[in-house]
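Student: Use these hints to put chains B and C onto chain A, whose structure you have.
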Amino acid sequence: METFFFWLFSIGMILFGLGVILNRNAVASALCFAFTIVFMSALFVMLSAFFLAAVQILVTAGAVMVLFLFIIMLLDLTAMEHVPRQKVWMGCALVLGLGFIYIVARTLYATPGGSITADSTPLPLQTSDDTHQIGRLLFTTYVAPFEITSLIILVATIGVIVLCKQDEPRPPSPGEDATRKTPPVESKKETSLTR
Amino acid sequence: MDIAWLLLLLPLAASIAILLHLHRKPDMAIFASVGSAALCFVVALGVAWGKVPEPASLTWISFPATTMSPDFTIDLGMIFDPLSKGMLLVVTGVGLLIHIYSIGYMAHDPSKGRFFGGLSIFMFSMTGIVLATNLIMLFFFWEGVGLSSYLLIGFWYSKESAAAAANKAFVCNRLADFGFMIGILTFWLLMGTVSVRSVDLAESYSSSSLPQVQSILTQAEMAVHHAPAILVRHTGGIATSPYLLTFMVLGLFCGCVGKSAMVPFHVWLPDAMEGPTPVSALIHAATMVAAGVYMLCRIYPLLLLSPAGMFIIAIIGCFTAIFAALIAVQQNDIKRILAYSTLSQLGYMVMAVGCGGPDAAMFHLTTHAFFKALLFLAAGSVIHALHEEQDIWRMGGLVKKIPLTFWTFAIGMLALIGCPPFAGFFSKDYVLSVAYAYHPGFYWVGVITAFLTAFYMTRLMVVTFWGSARTPAAEHPHESPPIMTVPLVILAVLSVIGGWSIAGFGIQDHFHQWTTTLPGNVPIPEANFFLGKIVPIAVVILGVGSAYLLYWGRNSDPLNINVLAQKFYIDEIYDRSLVGGTTLTASVFSWLDRWILEGVIIRGMAYLSVGVGEMLKLFQTGSLQAYAFLFSLGGALLIYFTLFTH
Amino acid sequence: MEITLNHYLAVAATLFVIGLMGVIIRRNLLVIYMSLEMMLQAANLTLVAFSRFNHRIDGQVFVFFVITVAAAEVAVGLALIVALYRLKQTTQVQDLTTLKF
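Chains as they are written, first to last, in the working numbering: chain A, 1 to 195; chain B, 1001 to 1646; chain C, 2001 to 2101.
Quick caveat, the hints were computed from the structure, so don't treat them as lab data.
For glycine and all other residues, C-beta sits at the position ideal for the given N, C-alpha and C.
Treat each hint with caution, since some may be false.
Straight-line Cα separation of at most 27 Å, DSS-like style, residue types lysine-lysine; simulated pairs [what the hints assert, rightly or not]: (1) K1159/B with K1025/B; (2) K1617/B with K2088/C; (3) K2100/C with K87/A; (4) K1617/B with K87/A; (5) K2100/C with K1617/B.
Here are the simulated distance ranges between beta carbons [to be verified]: (6) G1613/B with V155/A: 35 to 41 Å; (7) D129/A with T2098/C: 49 to 55 Å; (8) T1642/B with T127/A: 40 to 46 Å; (9) Q2094/C with D129/A: 46 to 52 Å; (10) L1637/B with L138/A: 33 to 39 Å.
Excised from the complex, chain A in its bound form (with noise of 0.2 Å):
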């Protein structure tokens, strides 16, 4: 059963994600990112990491991509979906793809990996879930870094604002857009922030 749901979900995360990258429609591939995501989360909870799993879709599939979705729709981009592809990047790609993939399967081989199955390290009996332990870590051993990502984000907050100010009024229609853009990034901080 556990095999059969995990090649599901594999597989269908990298059918998505190559759908991500050989769509030529930018929507097409926002929505395909998002399903990847789904399907991330999916083998997130096989892994026991329900929180995570939350997290990545409410974040993830869904104020992220929910920006990128903003910002395509936003800048109207659909100029160059009929530009031919470029075959020979792609062959390029191709080419590094499978070395990478070469070098992972080699190191694979080579270590331990293999054996290590979850009914080999079933996990132990514990008084609290995911959520707590991640909870209790956060504020006692990862305090410090915890309080520098709070930070990380007032900074973006701050620059995303600063990038997208318009200094003096522009008659073209992209520089009124983008005033109406910030409203967003404040609300998907707020959505990271109350995780």
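Tutor: Using the frame of chain A, we list chains B and C on its own:
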């Protein structure tokens, strides 16, 4: 503070004041310069009469003793002995007269303040040379006179020939001074001192500092062998050979060769006549060029250490004497004739030193200072009268028009050619007798030179003063103002009586100790009346007569000896060989510098960097995809080589 | 066939490589950005897998941080793209070749 220091401080103060400020106020500059010269002369008189005591020496440079060498100090001091007293009187006396003469001669020059500043620097430096107690101090002032000579030759620096002549003089002197420096350092090495005080020199020479000289050879034996065989420095025991001593003597002589313009460094002196005439009189005839001879006399005991060196000195002096006299025969510029005459007379003096007669050299130096200064000042008066005309063939018939100049010039000329009873007669005879005692060959060359001297001076007189005026300017000359003629008269008087009075300074006594007692020196025999008196007078009469017959009433030169008129082509030879060689070498190095160093190496490096950069920048395609690909490829290769190669 | 750690790692690597190839072959900046995000998520998957098979919850904390920082990064990156679009009126990489010889 001793009064004697005024001799140095007054001209120094005057020159500094003039160069800093007073050169804008010519009258003040003249007052400062002439005033300092006059005061110096007064102090010099006091020194000569023994009223001014010798000042205590100040320590200038002091080296503490080390394990390698004993302690060593260089003093700033003054020597008052008959030699320096005589020279001091000549320098300050003639210097004062020429200062006064310059007031008139330079009256119309707008930048005469600068001129007098230069004169004051010269007086300072020259007095320093005369009074220096050691060779280092002497060298310092030696360069000082070189500087003032440079400044004054190039006084009219806007004239290209004057600027070139100044450079030439400076370069020639620098070259020779390099040899002088080597000589001084060798002296220091051998003797352990640089003092030129007689007592120190005697010590250097005699037993205490050179123990082995005395222990190996007695004085009589040394006289026979003509040289100390081995010289050992008393401090370190450095064994020296006669060759090293000769090297030292020739090094010191090299300074004299440059400053006194001996062959082969004589080329600068005739060109130095581009300067104002008082400068030619003071520096390039009477005093500075004689400084070389004075220096040789000052270190005379050292010269005795090397008979070979003495012989070379005599040869060079002798050769210069006749060489310059020959050139003078065919020159047409009145100042150049006098310049070559100066060279010739300096040759006499150097020959006298080399022949073992420093007293004769100093005697001739003194009389020569009088009559050559007189001749130059009188020539300056002629030039002044004819509105800067210097070519004797464009003069003529001046005898009646400027009589005072004529008479003083005639006295100077008679003194120069050695006509009795003028000063030059006695001094030249003395030189010739010394030369005869050394070797008759020098004597006969000296006699021929005397003949040539009489010949070219008569030619100069006849062409300049007699005959008819050849140019409009020569028809209406005007006699110079009294401020110029009074110094002429004073110098004329000195030129007449100088021959008798000179012995009064006791210079002969000063040298007596050396000329009679030291080995390697030939005692002067009793004067041979025929060779000493009759022959010189005869050749003078012969010279005057032949020149009179040849030039009387001529309007152009009947003789036409091109090689003499072209000064034996020495300048051309130097131009071709030295200047040309230097230029060629310079161009070769310039080529190497430009093409090999700069072109291949430096620019090559730059071009290599640029080329590599040009090649590498092709990777900067601006394509994000290429960057991503290359970056990933690099990462992949890095991982691959990290993991799978051992 | 038992599912082992290596299976997860291989899947993650495949997703990573897909992201990498996307960066290389796509010319739309936004899609390139998505590909980059995908590579980050592939790394997250390996972290979670290791966490599970090593019984260390720390790996999941790391994933939490990665997700957070990635979200911030996406916000800034998209803001940059917007600013760039205002300047150049394009988000195609072949039009953004100012940085060349």
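Student: Output the indices of the hints that this structure fails to meet, ascending.
Tutor: none
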